[in-house]
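Engineer: Hey, can you work out the whole structure from these sequences and the hints?
Residue numbers (my numbering), protein chains in the order written: chain C, 1 to 235; chain V, 1 to 264.
Be careful, since some hints might not be right.
Lysine-lysine pairs mimicking DSS-like chemistry, simulated, CA-CA at most 30 Å apart [claimed, not checked]:
#	chain 1	residue 1	chain 2	residue 2
1	V	Lys146	C	Lys95
2	V	Lys146	V	Lys161
3	V	Lys68	V	Lys161
4	C	Lys216	C	Lys179
5	V	Lys169	V	Lys146
6	C	Lys216	C	Lys101
7	V	Lys86	V	Lys169
8	V	Lys68	V	Lys146
9	C	Lys179	V	Lys68
10	C	Lys120	V	Lys126
11	V	Lys144	V	Lys169
12	V	Lys126	C	Lys88
13	V	Lys68	V	Lys232
14	C	Lys120	C	Lys88
15	V	Lys68	C	Lys120
16	V	Lys86	V	Lys68
17	V	Lys161	V	Lys126
18	V	Lys169	V	Lys68
19	C	Lys179	V	Lys232
20	C	Lys120	V	Lys86
21	V	Lys169	V	Lys232
22	V	Lys126	V	Lys169
23	V	Lys146	V	Lys86
24	V	Lys169	C	Lys120
25	V	Lys161	C	Lys120
26	V	Lys232	V	Lys126
27	V	Lys232	V	Lys86
28	V	Lys86	V	Lys144
29	V	Lys144	V	Lys161
30	V	Lys232	C	Lys120
31	V	Lys126	V	Lys68
32	C	Lys88	V	Lys146
33	C	Lys216	C	Lys95
Note that these hints are calculated values from the structure, not bench results.
If you want the building blocks of each chain, they are given just below.
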Amino acid sequence: MPTEFTSLDDLSIGLNELSESGEKDLFYSPVSDGTTIIAVQYDQGVILGADSQTSRGRQLVSTKTRFKLARLHERIFCGTSGRCADSKAVLEVIKNRLHLKGIIEDSAPRVRVAAHIASKLCYEHRNNLETSLIIGGWDPVEGPQVYAIPIGGMMTQLPVAAGGSGSTYIYGYIDSMYKPGMSREECIRFVSNCVSLAMSRDSGSGGVIRLVAIDKDEANRMVLAGDEIPKFYQG
Amino acid sequence: PVLVIISQEVSIAMFALDLGSSTNAAAAMKKAACGVTDARQHTLQPTLTGTSTLGCVFDGGVVISADKLGSYGSLAKTRNITRLFKLNDCTVVAASGDLADMQCIQRALEEMIINDTCVGDGHVRKPAAVHGWLTRVLYNCRSKFKPFWNTFVVAGLQDGKAFLSYIDKLGMSFSAPSVSSGFGAYLAQPLMREAMDGAAATGRQLTRTEAVALMAQCQRVLYYRDARSFDKYDIAVITSAGVEIETVDVDSNWEVADYVKGYI
Numbered sequence: 001m002p003t004e005f006t007s008l009d010d011l012s013i014g015l016n017e018l019s020e021s022g023e024k025d026l027f028y029s030p031v032s033d034g035t036t037i038i039a040v041q042y043d044q045g046v047i048l049g050a051d052s053q054t055s056r057g058r059q060l061v062s063t064k065t066r067f068k069l070a071r072l073h074e075r076i077f078c079g080t081s082g083r084c085a086d087s088k089a090v091l092e093v094i095k096n097r098l099h100l101k102g103i104i105e106d107s108a109p110r111v112r113v114a115a116h117i118a119s120k121l122c123y124e125h126r127n128n129l130e131t132s133l134i135i136g137g138w139d140p141v142e143g144p145q146v147y148a149i150p151i152g153g154m155m156t157q158l159p160v161a162a163g164g165s166g167s168t169y170i171y172g173y174i175d176s177m178y179k180p181g182m183s184r185e186e187c188i189r190f191v192s193n194c195v196s197l198a199m200s201r202d203s204g205s206g207g208v209i210r211l212v213a214i215d216k217d218e219a220n221r222m223v224l225a226g227d228e229i230p231k232f233y234q235g
Numbered sequence: 001p002v003l004v005i006i007s008q009e010v011s012i013a014m015f016a017l018d019l020g021s022s023t024n025a026a027a028a029m030k031k032a033a034c035g036v037t038d039a040r041q042h043t044l045q046p047t048l049t050g051t052s053t054l055g056c057v058f059d060g061g062v063v064i065s066a067d068k069l070g071s072y073g074s075l076a077k078t079r080n081i082t083r084l085f086k087l088n089d090c091t092v093v094a095a096s097g098d099l100a101d102m103q104c105i106q107r108a109l110e111e112m113i114i115n116d117t118c119v120g121d122g123h124v125r126k127p128a129a130v131h132g133w134l135t136r137v138l139y140n141c142r143s144k145f146k147p148f149w150n151t152f153v154v155a156g157l158q159d160g161k162a163f164l165s166y167i168d169k170l171g172m173s174f175s176a177p178s179v180s181s182g183f184g185a186y187l188a189q190p191l192m193r194e195a196m197d198g199a200a201a202t203g204r205q206l207t208r209t210e211a212v213a214l215m216a217q218c219q220r221v222l223y224y225r226d227a228r229s230f231d232k233y234d235i236a237v238i239t240s241a242g243v244e245i246e247t248v249d250v251d252s253n254w255e256v257a258d259y260v261k262g263y264i
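Structural biologist: Here it is as structure tokens:
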């Protein structure tokens with residue numbers, strides 16, 4: 001497998017060779033978030049967490065410190081997984097429409113409205129998009145809310161939602177460790193543990209843990225890097 | 001030839017267009033009635049799906065049930081989905097199949113009901129009307145290779161008489177005393193027919209209690225034998241007193257496990 005490409009011809013050679021793990025799409029698959037995103041709602045707010053790795057295929061890490069928790073509004077953030085380009089395109093549109101709605105209604109946009117806009121967009125373009133979203137935020141009308149919009153465009157409100165390739169490895173952990181009525185610190189620890197466990201098992205997730213803690217007063221961004229990432233049994 | 005349309009906005013839309021072109025009318029009907037533009041794409045494969053829905057008629061009403069699971073392939077992704085929705089005091093619709101398509105139809109139906117309320121003439125959209133609308137929309141969209149990947153069960157009271165019908169993604173529809181979609185068609189339908197035939201043999205229909213117990217039995221069997229099912233389901237009972245929806249846990253019995261010793 002060539003490690004350096006000096007011309008387009010070399011790139012086309014690379015196409016025909018399989019990677020060590022047998023995948024043909026080593027460099028030419030769409031840039032996709034092998035991702036872990038998770039959001040938890042507690043009494044006063046919402047905690048969103050994500051990893052920071054973007055991969056092409058499952059082998060090449062193209063970005064190792066990406067910020068996946070996009071800010072739709074002051075108190076509304078959105079975690080995306082799936083194809084990167086689709087995620088970005090969808091986020092741009094949602095952000096614009098949400099902003100416009102806020103101007104028209106002259107008040108802070110509601111999280112439910114953001115989720116509805118996202119769901120409608122994803123549903124109407126479902127055959128061209130491969131992106132799944134988790135929208136979490138706080139608004140003065142309904143308080144903290146988390147909405148999951150998986151691929152296909154269905155919208156559902158949940159107290160805890162996880163998405164991305166890494167999420168499959170932590171459903172068991174979520175089911176056993178999530179309890180309603182956790183405090184903010186417990187939620188942050190829960191989310192960090194979830195992302196850390198997913199990152200260690202999923203080749204598509206990695207890098208640092210990015211957190212956003214949203215409540216009435218602030219949307220606080222945090223990063224857990226290197227030694228700060230919770231450690232578990234590594235075998 | 002213009003299809004019989006129930007929705008008020010659609011009749012307005014049709015007057016506004018060239019009525020000679022049936023494709024225009026169909027497009028307008030889809031647009032006005034669905035509330036979505038032609039930008040809606042073909043659902044080439046379902047993503048988040050719901051499994052069986054069951055329904056049966058009893059003496060004085062109808063009962064339908066659907067479990068609360070949204071499956072993402074084999075992953076049991078979301079376990080609080082409500083696949084039954086009450087439209088008004090005489091109609092309940094249940095859906096299986098792709099849940100995003102179900103939500104699209106649900107929003108369109110709810111918009112229709114809100115319009116009914118706003119018109120305020122006392123007219124209540126009855127189950128046969130909803131059934132007709134759903135059939136036409138599903139058939140129309142399928143004919144354009146843009147299917148709603150769902151099977152709907154419409155239940156309610158039509159002029160005091162029990163109404164239960166089934167519409168699938170091809171627009172095929174029928175009414176029957178007991179209906180089921182998905183796996184339920186294989187596992188639960190025979191049980192429902194046996195119970196109803198047993199009652200018919202003694203010249204009566206099922207009572208409400210028997211019908212609800214039949215639903216519980218069928219959901220239990222589905223929980224045992226359908227891999228993509230869940231042990232919690234919503235059950236709606238429609239009678240002349242109105243619609244009652246509640247969430248019930250499946251009562252499963254695993255005592256047989258003690259008797260199975262294996263081969264060695």
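Engineer: Does each hint fit the structure? Answer for all of them.
Structural biologist: Hint check:
| no. | hint | verdict |
| --- | --- | --- |
| 1 | Lys146/V <-> Lys95/C | holds, 29 Å |
| 2 | Lys146/V <-> Lys161/V | violated, 34 Å |
| 3 | Lys68/V <-> Lys161/V | holds, 28 Å |
| 4 | Lys216/C <-> Lys179/C | holds, 22 Å |
| 5 | Lys169/V <-> Lys146/V | holds, 10 Å |
| 6 | Lys216/C <-> Lys101/C | holds, 20 Å |
| 7 | Lys86/V <-> Lys169/V | holds, 21 Å |
| 8 | Lys68/V <-> Lys146/V | holds, 26 Å |
| 9 | Lys179/C <-> Lys68/V | holds, 20 Å |
| 10 | Lys120/C <-> Lys126/V | holds, 28 Å |
| 11 | Lys144/V <-> Lys169/V | holds, 12 Å |
| 12 | Lys126/V <-> Lys88/C | violated, 44 Å |
| 13 | Lys68/V <-> Lys232/V | holds, 6 Å |
| 14 | Lys120/C <-> Lys88/C | holds, 16 Å |
| 15 | Lys68/V <-> Lys120/C | holds, 22 Å |
| 16 | Lys86/V <-> Lys68/V | holds, 15 Å |
| 17 | Lys161/V <-> Lys126/V | holds, 11 Å |
| 18 | Lys169/V <-> Lys68/V | holds, 21 Å |
| 19 | Lys179/C <-> Lys232/V | holds, 19 Å |
| 20 | Lys120/C <-> Lys86/V | holds, 22 Å |
| 21 | Lys169/V <-> Lys232/V | holds, 25 Å |
| 22 | Lys126/V <-> Lys169/V | holds, 21 Å |
| 23 | Lys146/V <-> Lys86/V | holds, 26 Å |
| 24 | Lys169/V <-> Lys120/C | holds, 21 Å |
| 25 | Lys161/V <-> Lys120/C | violated, 37 Å |
| 26 | Lys232/V <-> Lys126/V | holds, 29 Å |
| 27 | Lys232/V <-> Lys86/V | holds, 18 Å |
| 28 | Lys86/V <-> Lys144/V | holds, 29 Å |
| 29 | Lys144/V <-> Lys161/V | violated, 35 Å |
| 30 | Lys232/V <-> Lys120/C | holds, 28 Å |
| 31 | Lys126/V <-> Lys68/V | holds, 26 Å |
| 32 | Lys88/C <-> Lys146/V | holds, 26 Å |
| 33 | Lys216/C <-> Lys95/C | holds, 20 Å |
Going through the hint list in order, the structure does not satisfy hints 2, 12, 25 and 29.
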